[in-house]
Amino acid sequence: MFDLLVGVLLVFAGGVAAIFFGNRAKGIIFFGFMTASQFFILPVTVGVLISGRDLSLPVYFSGPIGETFLRLDPLASLFALVVSAGSFLAALYSIGYMKAYRTGLSSYYFFLGLMSASMLLVVVVQNAIMFIVAWEVMSISSFFLVSFENGKEDVRKAGIYYFIAMQVGAAFLIAAFAWASSVSGSPDFNSFLSVLSGSGGVSVLLFVLLFIGFGTKAGFVPMHTWLPKAHPAAPTGVSALMSGVMIKTGIYGLARIILLTKNIDPMLAYGVLLISLITGISGVMNAIAQHDIKRLLAYHSIENIGIIGIGLGLGMLGLVYGNPLIAVLGFLGGLLHVVNHFTFKSVLFYGSGVVYSQTHTRNIDALGGLAKFLPLTSAMFLIASLAITGLPFFNGFISEFAIYLGLAKGFSVNALPLDIAGLLGFLGLAFIGAMALLCFTKVYGICFLGSPRSHYHGTPNEKEWTLLLPMGVLVVVMLTIGFVPLVAIELLKNVVGEFLPSGQSGIIDAVIPTYRALSISVAGFAGLFAFIFGLRALLLRGKRVETFKTWDCGYQVGSPRLQYTGSSFAQPFLSLVKELVPQKIEVEKEPVLFPEGASLETHSQDISERFIIRPALKWLDKFLDLFSWIQSGRMQQYIIYGLIFLVSLLVWIFGVR
Amino acid sequence: MMVQTFVTLLAVISPLFFIGLINKVKAIWAGRKGASLFQPYYDFMRLLGKGEVISTTTSFVFRVAPSLNVAAVLLALMVVPVPHFGSVIHFDGDFVLFAYALGLAKFLTVIAALDTGSSFEGMGASREVAFSTIVEPAFFVVIGSLALLTQHTSFDSIFASFSTTSRVTPLVTILLLVSLFIMLLAEGSRVPVDDPNTHLELTMIHEVMVLDYSGPDLAFIQYSAALKMTIISILIADLIVPASWTMIPALLLSAIIVGIVFASVGMVESLIARARISHIPQFLLVMTTLSLTAFAVVSFYFFGSIR
Chain R
1 MFDLLVGVLL VFAGGVAAIF FGNRAKGIIF FGFMTASQFF ILPVTVGVLI
51 SGRDLSLPVY FSGPIGETFL RLDPLASLFA LVVSAGSFLA ALYSIGYMKA
101 YRTGLSSYYF FLGLMSASML LVVVVQNAIM FIVAWEVMSI SSFFLVSFEN
151 GKEDVRKAGI YYFIAMQVGA AFLIAAFAWA SSVSGSPDFN SFLSVLSGSG
201 GVSVLLFVLL FIGFGTKAGF VPMHTWLPKA HPAAPTGVSA LMSGVMIKTG
251 IYGLARIILL TKNIDPMLAY GVLLISLITG ISGVMNAIAQ HDIKRLLAYH
301 SIENIGIIGI GLGLGMLGLV YGNPLIAVLG FLGGLLHVVN HFTFKSVLFY
351 GSGVVYSQTH TRNIDALGGL AKFLPLTSAM FLIASLAITG LPFFNGFISE
401 FAIYLGLAKG FSVNALPLDI AGLLGFLGLA FIGAMALLCF TKVYGICFLG
451 SPRSHYHGTP NEKEWTLLLP MGVLVVVMLT IGFVPLVAIE LLKNVVGEFL
501 PSGQSGIIDA VIPTYRALSI SVAGFAGLFA FIFGLRALLL RGKRVETFKT
551 WDCGYQVGSP RLQYTGSSFA QPFLSLVKEL VPQKIEVEKE PVLFPEGASL
601 ETHSQDISER FIIRPALKWL DKFLDLFSWI QSGRMQQYII YGLIFLVSLL
651 VWIFGVR
Chain V
658 MMVQTFVTLL AVISPLFFIG LINKVKAIWA GRKGASLFQP YYDFMRLLGK
708 GEVISTTTSF VFRVAPSLNV AAVLLALMVV PVPHFGSVIH FDGDFVLFAY
758 ALGLAKFLTV IAALDTGSSF EGMGASREVA FSTIVEPAFF VVIGSLALLT
808 QHTSFDSIFA SFSTTSRVTP LVTILLLVSL FIMLLAEGSR VPVDDPNTHL
858 ELTMIHEVMV LDYSGPDLAF IQYSAALKMT IISILIADLI VPASWTMIPA
908 LLLSAIIVGI VFASVGMVES LIARARISHI PQFLLVMTTL SLTAFAVVSF
958 YFFGSIR
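As they're listed, the protein sequences go chains R and V. Per the numbering used here, the first sequence runs over residues 1 to 657. Per the numbering used here, the second sequence runs over residues 658 to 964.
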């Protein structure tokens with residue numbers, strides 16, 4: 001446990017140390033510290049995951065916190081592992097990626113270190129006050145990272161939006177923690193157990209408050225609106241860290257309160273499942289309409305948070321109905337998806353960073369043909385696309401499979417609400433899967449395949465190996481989980497076991513034959529492919545294999561600009577769901593016989609932002625307007641406030657006490 | 658084991674024959690004599706013997722996609738039980754592997770189409786993925802109603818107990834049968850969703866996506882499309898053939914049912930025209946509606962008063 005603290009300190013120290021070095025060395029120094037921290041963090045977290053034994057360290061603070069302890073249970077270890085691996089890779093990636101920037105690097109590495117260290121602390125502290133402090137440090141340091149390129153108007157706007165969203169979320173958390181502490185008499189998480197597990201309105205309302213607080217960080221609809229703004233604004237290494245790791249601290253919080261809630265209210269379980277379904281569907285549906293690759297990926301994070309939430313909701317339902325197998329499959333699917341989403345979403349962000357650094361555009365419709373210039377990036381991006389779509393035999397499939405199976409198991413429980421939930425889950429997951437397929441065939445097909453849709457300045461290349469290596473590491477993890485899922489299940493066994501009633505943690509062994517069968521199918525599939533591809537090579541041997549330009553049905557003057565774009569690719573689907581993803585289409589045409597120029601612009605709108613967040617803000621604005629007279633701008637009035645304050649203080653001190 | 662291998666081989670070999678059957682039925686409706694039932698095999702062999710023309714725009718994706726496609730569809734075949742014989746591999750939740758293996762095949766076909774940079778193929782690809790967002794969820798509702806009715810979670814055990822379960826089985830069978838038939842038309846790119854004959858029209862979906870393929874790769878693609886249709890019709894046979902039947906009658910009846918399904922595809926193709934693109938979603942939503950109805954029927958059976 002002490003090792004972990006040393007690791008956290010090293011991460012933080014790396015950020016401080018980087019300040020004192022020159023621009024080129026900063027990244028390397030920071031990465032050195034991050035590497036050192038891995039030696040302390042990895043063994044202890046993996047050790048806890050495998051052994052299943054908690055580690056804890058008592059700490060004492062003067063002031064309101066008092067005596068408390070840090071604790072590393074399997075759940076915390078899982079997230080600590082993800083956090084530490086994610087920050088490590090982001091540090092490596094930043095070495096290459098930040099070469100393009102000259103100023104602000106000191107603050108970049110300082111806040112990167114601070115954010116990574118605070119994320120590690122968030123998952124180990126067991127005290128509400130310390131938790132809020134770590135949580136806020138995490139939010140504020142990431143705010144500085146989001147607004148790194150603060151010379152740009154839209155980056156500043158995104159940063160402030162993000163900051164406010166985080167504070168609103170934190171406000172809910174503070175309220176909930178304060179309430180729970182006042183009921184239980186102590187800010188320690190363990191004492192919340194009795195409050196959250198008690199029957200009646202208090203526990204439900206507390207859960208809802210906490211869900212809103214953590215859900216804002218995680219990006220559950222409708223609290224997700226900051227993600228598509230903040231992720232594209234941040235430098236790519238940070239986007240990957242935020243999307244792959246930071247939003248998972250929200251999931252960690254949710255998982256933690258599920259652990260602290262015995263006798264879960266069925267309505268809460270159904271509620272989490274329903275909101276997650278809406279989150280998943282709305283996330284991917286909006287993603288399809290995006291033109292900016294990083295914004296698109298940000299919406300996909302929302303989708304995946306939805307999938308994780310479906311898993312957790314299903315797990316809760318398993319507990320509610322006393323069916324440990326469903327609980328195992330739900331929690332296993334949800335928590336494994338946390339790891340999986342970290343791997344493929346980081347690769348996708350890193351890949352988009354390579355694309356951006358080489359082409360200087362994030363507009364999907366301006367890209368194309370990059371597979372020829374960036375073969376390694378393209379191959380890894382393809383694997384990550386297949387994985388995020390949930391296709392066999394990549395890691396996304398492994399976690400989604402568990403959720404599907406858990407939903408299917410629900411049909412045998414003989415409870416109508418659970419059957420309907422199972423039906424909705426099937427419908428939702430399959431719909432999400434099919435839309436993700438659409439979205440990633442679009443991203444990969446339009447950006448990397450075909451011909452370039454615009455002129456690239458200089459030939460895009462991938463000489464910068466620090467950008468490729470993080471992707472390579474993650475791809476290896478993805479393939480391992482995809483091909484040999486039992487490895488992942490072994491690591492998650494104890495985490496899932498924590499959620500089960502004592503004595504039932506052995507149930508997880510029931511899924512092992514299923515996953516073994518999946519591994520065998522992978523082998524079979526690989527064999528079939530090798531056979532068929534070999535057959536093809538054999539058949540083509542000695543035959544004429546010519547290359548010629550794409551056959552365009554006899555139309556000989558084609559240009560790359562005639563290719564389908566991302567917008568046109570998404571159009572048939574978007575026209576089916578135009579009520580859910582309204583698009584503003586602006587067409588400019590010259591009303592002449594031989595028009596020389598024309599333009600078309602499409603902007604999609606997020607309906608939850610338009611119909612929930614904005615009206616809510618407007619309402620809040622009106623309400624707060626009632627108090628605007630307090631801040632009049634007249635100095636005399638402010639002096640009176642001071643006077644009133646002092647007088648009442650005097651009265652309170654001498655009169656009341 | 659021997660028999661099982663034989664049946665699997667039969668399923669692997671037969672798809673092109675059934676394509677020949679469709680063409681024969683269409684020829685008869687049109688008053689022609691039509692080509693031999695084995696014509697698709699001759700075409701297949703001829704394509705295998707040819708060289709290829711590969712577009713300069715393409716990358717490695719274009720080259721590996723058809724082979725991966727066939728492998729994925731073959732994998733889907735492995736988890737589908739043949740009546741009486743069961744499936745080659747079966748495990749809890751194998752239907753997810755089935756649906757997602759077909760999804761993998763679709764993903765690869767679509768990006769291979771985009772790899773050519775042709776606007777025609779982009780158009781086909783964009784439609785293919787748009788319509789699959791309707792078919793995919795509906796298929797999971799089909800599975801859901803079967804899982805709820807039989808209380809099992811693997812294709813093999815679902816169909817082993819399907820025919821003997823309850824009073825609502827006949828009704829559910831009919832609803833799901835029509836659903837699966839619609840899925841077959843959509844996945845197999847057949848009228849009214851798509852027309853496999855008009856290669857060069859803007860109304861095309863699947864055929865236009867593979868415009869640039871030639872030689873063995875084209876043969877693979879045509880085979881995997883036929884195999885996909887055969888797999889879905891085996892699922893239809895699973896709904897009808899009682900699990901208690903012995904080997905020979907079960908195999909015969911299944912073959913006849915698959916034959917009837919393909920003949921019906923030919924009939925549909927002869928009798929009605931291809932639907933307008935804008936009407937296809939409505940047609941596909943019929944599948945969703947029917948499968949949801951089946952689910953409702955099963956729920957009523959368990960929780961309502963028709964038991």
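Simulated from the structure, these hints should not be mistaken for laboratory data. Note that the coordinates shown come from a computational prediction; the quantities given were computed from them, not determined experimentally. You may find that some hints are simply not true.
[To be verified] Heads up, simulated SDA-like pairs for lysine to any residue below, C-alpha to C-alpha not over 25 Å straight-line:
#  : chain 1 : residue 1 : chain 2 : residue 2
1  : R       : 578       : R       : 588
2  : V       : 707       : R       : 537
3  : R       : 549       : V       : 712
4  : R       : 584       : V       : 667
5  : R       : 543       : V       : 667
6  : R       : 543       : V       : 707
7  : R       : 549       : V       : 945
8  : R       : 543       : V       : 945
9  : R       : 493       : R       : 263
10 : R       : 584       : V       : 936
11 : R       : 372       : V       : 720
12 : R       : 578       : V       : 936
13 : V       : 681       : V       : 667
14 : R       : 578       : V       : 932
15 : V       : 707       : R       : 541
16 : V       : 707       : R       : 552
17 : R       : 549       : V       : 939
18 : V       : 707       : V       : 936
19 : R       : 549       : R       : 455
20 : R       : 578       : V       : 823
21 : R       : 543       : V       : 710
22 : R       : 578       : V       : 945
23 : R       : 549       : V       : 707
24 : R       : 578       : V       : 939
25 : V       : 707       : R       : 493
26 : R       : 578       : V       : 681
When you check the alpha-carbon spacing of residue 578/R and residue 936/V, does it fall within 25 Å?
-> With a Cα-Cα distance of about 16 Å, the restraint between residue 578/R and residue 936/V holds, given a limit of 25 Å.
Compare the distance between the alpha carbons of residue 549/R and residue 455/R with 25 Å, and conclude whether the hinted pair is satisfied.
-> Holds - the C-alpha atoms of residue 455/R and residue 549/R are around 20 Å apart, at most 25 Å.
Are residue 578/R and residue 588/R close enough, with their CA atoms no more than 25 Å apart?
-> Holds - the C-alpha atoms of residue 588/R and residue 578/R are around 21 Å apart, at most 25 Å.
With a cut-off of 25 Å on the C-alpha distance, tell me whether residue 584/R and residue 667/V pass.
-> Violated: residue 584/R and residue 667/V sit about 53 Å apart, past 25 Å.
Could you grab the alpha-carbon distance between residue 707/V and residue 537/R and see if it respects the 25 Å cut-off?
-> holds, 12 Å
Agreement of residue 549/R and residue 945/V with the hint, judged by alpha carbon distance not exceeding 25 Å | Judged against 25 Å, a Cα distance of about 41 Å means the pair is violated.
Could you grab the alpha-carbon distance between residue 543/R and residue 945/V and see if it respects the 25 Å cut-off?
-> Roughly 47 Å between the alpha carbons, so the hint for residue 543/R and residue 945/V is violated.
Is the hinted pair residue 549/R and residue 939/V satisfied, with a Cα-Cα distance of at most 25 Å?
-> violated, 38 Å
When you check the alpha-carbon spacing of residue 578/R and residue 681/V, does it fall within 25 Å?
-> violated, 42 Å
With a cut-off of 25 Å on the C-alpha distance, tell me whether residue 707/V and residue 552/R pass.
-> holds, 22 Å
Pairwise hint evaluation, residue 710/V against residue 543/R, where the allowed Cα distance is 25 Å at most = holds, 11 Å
Holds or violated: are the alpha carbons of residue 578/R and residue 823/V at most 25 Å from each other?
-> Status violated; Cα separation ~42 Å.
Checked against the numbered hints listed earlier, the structure breaks hints 4, 5, 7, 8, 17, 18, 20, 25, 26; every other hint is satisfied.
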